[in-house]
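S.K.: Next come the chains, spelled out residue by residue.
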Amino acid sequence: MEIFGFPPQLILGQVLIGLINGSFYALLSLGLAIIFGLLRVINFAHGALYMMGAFAAWMTQAWLGLNFWAALVIAPLAVGLFGLVVERAFLRSIYHLDHLYGLLLTFGIALLIEGMYRYWFGAAGKPFTTPDVFRGIWDLGFVIVPKYRGFVVLASLVTCLAVWLLIERTRLGSYLRAATENPDLVSCFGINVSLLTASAYVLGAALAGLSGVLAAPIYQVTPLMGTNLIIVVFAVVVTGGMGSLSGAIITGYGMGVIEGLTKVFYPAASSVVIFVVMALMLLLRPAGLFGKEA
Amino acid sequence: MPKSAVPTWGERPMPDPVLSVTDLHAWYGESHVLHGVTLDLKEGETLAILGRNGAGKTSTLRAIMGVIPRRSGSVKIHGRETIRQKSHAIARLGLAYVPEERGIFASLTAQENLLLPPVISPGGLAIEEIYELFPNLAERRNSPGTRLSGGEQQMLAIARVLRAGGRTIFLDEPTEGLAPVIVERIAEVVAMLKTRGYSMLLVEQNLAFAQAVADRTCVMEHGHIIETFTAADADSHAASLQNHLGV
Amino acid sequence: MLRSHVLPVLALLVLLCIAPLVFYPIFLIKLLCFALFAAAFHLLLGYVGLLSFGHAAFFGTGAYMCAQALARWNLAPELALLFAVAVSAALGAVIGFLAVRRQGIYFAMITLALGQMVYFIYLQAPFTGGEDGIRGITPGHFLGVVDLSNPLALYFTVLAVTTLAFALVWRIVQSPFGMILEAIRENEPRAISLGYNPTLYKLAAFTFSAALAGLAGGLKAMSFQIATLVDVTWQMSGEVVLMTLVGGIGTFLGPVVGAFIIGGLEQYLAQSALPAPVILGAAFILCVMLFRKGVAGTAKSLLQNRAPKRSTPDNPETQATNRIVK
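Protein chains in written order, with my numbering: chain A, 1 to 294; chain B, 1 to 247; chain C, 1 to 326.
Hints in this document: simulated from the structure, not taken from any laboratory.
Treat each hint with caution, since some may be false.
Now the stretches of chain C that chain A is said to cover, found in silico as 3 or more residues with beta-carbon under 8 angstroms [to be verified]:
1) 21-32
2) 105-113
3) 267-278
4) 286-299
Glycine included, C-beta positions come from ideal geometry on N, C-alpha and C.
Please take these sequences and the hints and turn them into a complete structure.
M.R.: Given below as structure tokens:
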């Protein structure tokens, strides 16, 4: 059996790879959307935070001798803590400015972080071993899944779902949603919006850190691993629109799959297909798939 | 009332007013919107602020709440100076803010809107009590907040601060854009709140509504309070009031 | 307005004419190319209020097209430059057509993404030579007479072309077209109600800005006799943003000053152990946090009121800089 002249195993395999990339797109654009909602800042440093997560994982393994599960907890916390420092030290003093300044500031922060990491660790990749439990494959009959890659897809789905529930179904989440709409009014109810804003940044940063840990065994851990990724994630965010968190998640996975499928049908275009989809979306629906404002 | 006329035993001081604002100035960017507002609100009193659009009524409420970042003067709540405090800390001194245009959150359901304000002092209404008072809200609890009708949204905006327990309510144009029959319903709610002893600062353009519920009335123009009178004197001020409100 | 600029512009021109006595011409050429690139970028940011984060696409396109025309087609340098400008303008029209549908940060993200797409295309296209770039350029004779293999002749040719380009920018900014652009930036709904089509004006400005960026890239490729992927990277797009920010957004000479500072800084940093991104990143942070008016903006307000006002967040002066353009 073939689909458009390609064996289905190949297509399914690429869909799976697409889902893995999509997992990172989803986690990162979810974090960007949360941060944008409260801070009105497009966090250019998101790719750098992702890279820091991967390095933190590498450090827990190489320096502290801890296992993968420890890294999975420590790295997001460390990156979240770093995010707290960034928010308190820099971002909070520019909220009253034109939102473009937020983009410029976080761009500078990204350059600085990536430059320092390159200075400290060199440009070459750091090895990060796949945890033993995830060595080998799962044969699902119709497709063969390397265990770790399956785990990444599951872990990101679970995380996205958990964050979605946190925001849509909990009290803290209702504070965050309300503050996204009207921070002044929320503070008039006795809620400390400044703290809420900081938590949003910390949450977004921790999500980027978690993505970094998950990526460490798959991709090279290098200081520049987040730079190109963040631009692709921006395209994902423009395509989906900043309107909804579920929109960010769905667009993330969807774009990953589209990218994976392009690798089958027209490999040369696979590195630009996401940008092409973004361009088409701008023609058809400038506000984005789930966007509200024009 | 001269102090000597009050029979006093010992040196008991007069109770502080709930809210006492002195020479309050406020700025939005470069525009100076309040030019020295002075007013006070006594325990259990309903004070109405009347004035044209742009006179500074809403800004007065926002400046007291501390959401206009640049302000000067003095705002005392239960005798405590708050001019340097952040708005969330000010709110926790017992203020209950019902903003203009109701401020219902679109991304929250009616019930989430109701549950949003944290309880800032004991004595707030329980949610069952609220649903008893406003049966409509119970029916629509799972609808997105902004799908409710204007009247329902206004009830929701009032109900949600009652849950939080603040005893000093700021009502910013609660009748704006509502049908007369709904305005009557709001008047009933305000009257009910009066009997329950809430202190209220009411910003209005609807003269009849304000006169029906207010114990005292201030008139604002160009960021100043130009006159204040009690309900008993309202008739003698009717002419100048018509003039200032420009109706 | 015009008179206040005559003196600094003349002074700058005189300085540039004697500069080769002190600096290597090739270094000065790089500064001039950056200055033109920054001016092209600033035309969009300063006068239309649109921050493009993908301008390297046009700079790089200009460089590749000029290199292609010189190295493979043996065109005369002036024709190669014209070709570079034409292709950059065409690319600008396409990218602009998509990007001007959104504003603010979305515009920035869209231009960044489309710029990255252009990068990937050049990375894969055979004619660019991938990581090696296009080499083996012989610049030839400008207008048939000026021998560009002489560094000084090359320098003065580039200086003449950039000066002309700057004069053109000045002319456009002062023209009715420029006034309408500013009107759109200040109040788009009002411009619409006056019967202008803002999208069309923005697109025209974007295309023109792309053409100038392409000219800057073309000049650079012609002078350095190489066109590489570096000129198309998003880091290059970021660098031009930084030049403008350092120089001062909303001032005519700001981008030039910024380009000279950043270009000089890079030259100096080439020997430093710290990677350039660290310094550039720190410069970004400093500018946004403390120095939003930039060098030219600060100089301007110092000249306007000799006794500088205290800078508080509520000071009208500072308020004005809260927006990214005045």
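S.K.: Please go over all the hints and tell whether each is borne out by the structure.
M.R.: Status of each hint after checking the structure:
With a threshold of 8 angstroms between beta carbons, the proposed coverage of the stretch 21-32 of chain C by chain A is violated, since 0 of its residues qualify and at least three are required. Given a C-beta distance limit of less than 8 angstroms, the hint that chain A covers the stretch 105-113 of chain C holds, as 7 residues qualify and 3 suffice. Here's how the stretch 267-278 of chain C fares: 6 of its residues keep a CB closer than 8 angstroms to some CB of chain A, so the rule of at least three is met and the hint holds. Given a C-beta distance limit of less than 8 angstroms, the hint that chain A covers the stretch 286-299 of chain C holds, as 4 residues qualify and 3 suffice.
Checked against the numbered hints given earlier, this structure breaks only hint 1.
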